[in-house]
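K.L.:
Just need the whole structure built from these sequences, with the hints factored in.
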Amino acid sequence: MFNKIFNCRLLYFILFAGVVVFSGCKEAKNNSNDIETQILNNPDKIKKNSSEYIIVLKEGSKITDALNSLNAYDIRLIKDLKQDRYLVELKKNPGIERLKNDIIGSEYIKHIQPNFIYTTQ
Amino acid sequence: MNASFIISNKTLIVLALTTPIMSNVFAAPPLSFPIQPSSVKEKFVQGEILVRFKSSMTIQAQQLSVASQGARSVKLVSGIMNISKVKLSLGETVSAAIEAYQSNPNIEYAQPNYIYHATALPNDTSFPQLWGMKNTGQTISDPDYPTNNPPDPTAIVFFDIDAESAWGQITDCSSKVVAVIDTGINYTHLDLAANMWDGSGVGIPNHGWDFVDSDNDPLPVGGGEDHGTHVAGTIGAVGDNNAGVTGVCWQASIMSVRVLDENGFGDTADIISGIQFAADNGASVINMSLGGESILDTLFKDAITYAQDRDVVIVVAAGNGGTDGDGDDIDDNRPIFGGGDDGDVNTIYQPCSFDQDNLLCVAALDQSYSLASFSNYGATSVDVGAPGTNVLSSWAGQIITDDLTSGWILSGGWTTGTCALTNTLFNPSDWCSNGTYANNADDRAYKSFNLSGFLAAELYYFVSFDTEAGFDFFSNSMKSSGGDPFAVGGTTLLNISGTQEGIAKLNISSCITSTCSLGFRLTSDDTVVKKGIGINNFRINTLQTNSSSYNVSSGTSMSSPHVAGIATMIRAFNPNYTYAQTVEAIKNGGETVAALSGKTSTGRAANAMGALAYITQPTEVVAVVQ
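Protein sequence lines correspond, in order, to chains A and B.
Each step along the first sequence adds one to the number in our numbering, with nothing skipped, and position 98 is 1122.
Each step along the second sequence adds one to the number in our numbering, with nothing skipped, and position 93 is 94.
Hints are computed from structural coordinates only; laboratory data are not their basis.
A virtual CB, placed ideally from N, CA and C, is assigned to each residue, including glycine.
Any given hint could be a false lead.
Counterexamples of contact, computed for chain B against chain A with all Cβ distances above 12 Å [said to hold, decoys possible]:
{"#": "1", "residue": "I84"}
{"#": "2", "residue": "I171"}
{"#": "3", "residue": "D218"}
{"#": "4", "residue": "I401"}
{"#": "5", "residue": "K448"}
{"#": "6", "residue": "S482"}
{"#": "7", "residue": "A595"}
{"#": "8", "residue": "G599"}
Pairs of lysine-lysine residues, derived as DSS-like cross-links and limited to a Cα-Cα distance of at most 30 Å, are as follows [said to hold, decoys possible]:
{"#": "9", "chain 1": "A", "residue 1": "K1082", "chain 2": "B", "residue 2": "K302"}
{"#": "10", "chain 1": "A", "residue 1": "K1082", "chain 2": "A", "residue 2": "K1106"}
{"#": "11", "chain 1": "B", "residue 1": "K302", "chain 2": "A", "residue 2": "K1134"}
P.N.:
Shown next, in the form of structure tokens:
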């Protein structure tokens, strides 16, 4: 158990620097286990990016027009990635499949995809 | 190939010092590599051999003897030693001739006419630890991958990227920019500073860009943000400077592109921006020691194409398998995020699985050139292997270690001692023999550390805790003014309950004082007790200006920069070479490695000398013959 461990590939065991304060009441016991599992196995960054998407505009389109077409999801522009690409965050996240369907036939958006996560190896 | 033709690098060096028949590899026509690229060990002149006749033979008798075997000519090399050079009949292979001449009773022995070239070794103090550059069978100190680290009896030595031979041709790659798209690089590191890209002329004063924080300073921000610095050192730590390590390139122009944060995570948006930045600012080679699994990341793939259109070679890591620690076949498109196999056939491991021609994906080899246990592989996706275990390279800051045995103020059940041969801080006192902690505990253990002068700091340790979930807690706190970190003025870093073990990495940059107190606490209620807490491998990772630190690390992240260094070397050696020619040279100039057969598209390990030798000699280069 206590072999020397330091390796890039072990990153997924990291206890991310969150402060978790549990209730002292006995009823909280089962729930606390669920929370603990989330923290140990799901790095913050993954959760953060689950509602981020990158959209690519059709040539000649304006970002303001593109955002209007996704207003139903309470969209927030995060970053201009240049070359007609924009990083957006959806406060109401419908998921990528729904979004892909939404942009079929769009005048302004050519492509939408999740903002995927990558890690050191 | 006749096994007797395989000679080790060490043997080559000894012969080079004693054999008068020496020529530059590029001066000896024809090069064998384009025709028989399966092994760079075949460094001998085709169509001729050397034979040593028995001393009783006259020159005339020698000529008659070889003529009877169909030789075209025989030329005396050394009368004293009775050595002659025999030109073989057309179509006769060297290996067949050796076999035939060995059976000639007039000949003591026959051998290939090996090709030699100038070699060079740097004087960097830690160079003897760089087995990937020159494998002498050395034991790597403080390894994190013990398998096949001598004196491990299973170790087989002498496999490396043949850097020494390549350095006889070129050490200065600075004419070509190599971008490291990664976490930040500590560009003030004493072994990197002189080899960083100078972007000041184009308004980029700090050697690159930070896309995570959207500014022009890609310096790491966290105490544990070492990855990019380590990768950069393998590509281009300053060589022959009497200090530290050397990169594949002794002189380099390294562009830092920060797209991964202090925890090593990044996203599509920053990565594609980083690739575009590197390609637009003159990078010829990009290293990306990163990866992830998802459905097709179209925009990431498009970014690779963007770089290809600008003649950029991109070298990437094959990935390190999953949480089980075992490498996966990424051709089956079923690795889980970070590895493992989630059974989802719709996901692919990226960017390694992208199919553009400018992309080289690299698996990790250990010190015996076995596939590292953690390394992903793929007969289609992965191209070559390279050293990826126990790689020593530059580190962003000092590592402050503590063996947990002295200076700790302990209360309650906290005890320091040895469990399973490892120094450990534990609670209860009989934790090693599976005791249980006390009810109503408020047990604390803490110690002060001097962290003044560092730019950032991260607390790192391994913990195993087993407490009553939701009621008994394991806590970790800090206090910059010293004293009990759980008292007023302390800051809670972690407060967790239940059963788990793993590595904790906690940002303590707000505790950079000369009296930073760090502590652990066990609290319990009045019912149910469990095994408690054990802590070891305690250390503080720092970030510091002008770092002179180094550390050993393993991963495909470490194999990729070996190849990126070779790619940069090739492009500097012949500035006219395209991305396609560079990739071809690395793939076809590699060394055949049994462990990579069926695991990579080439079955080869990248080899610096083989790659250089594969390409046509550039006309502007004057070969040096020793």
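K.L.:
So which hints don't hold here, by number, going up?
P.N.:
none
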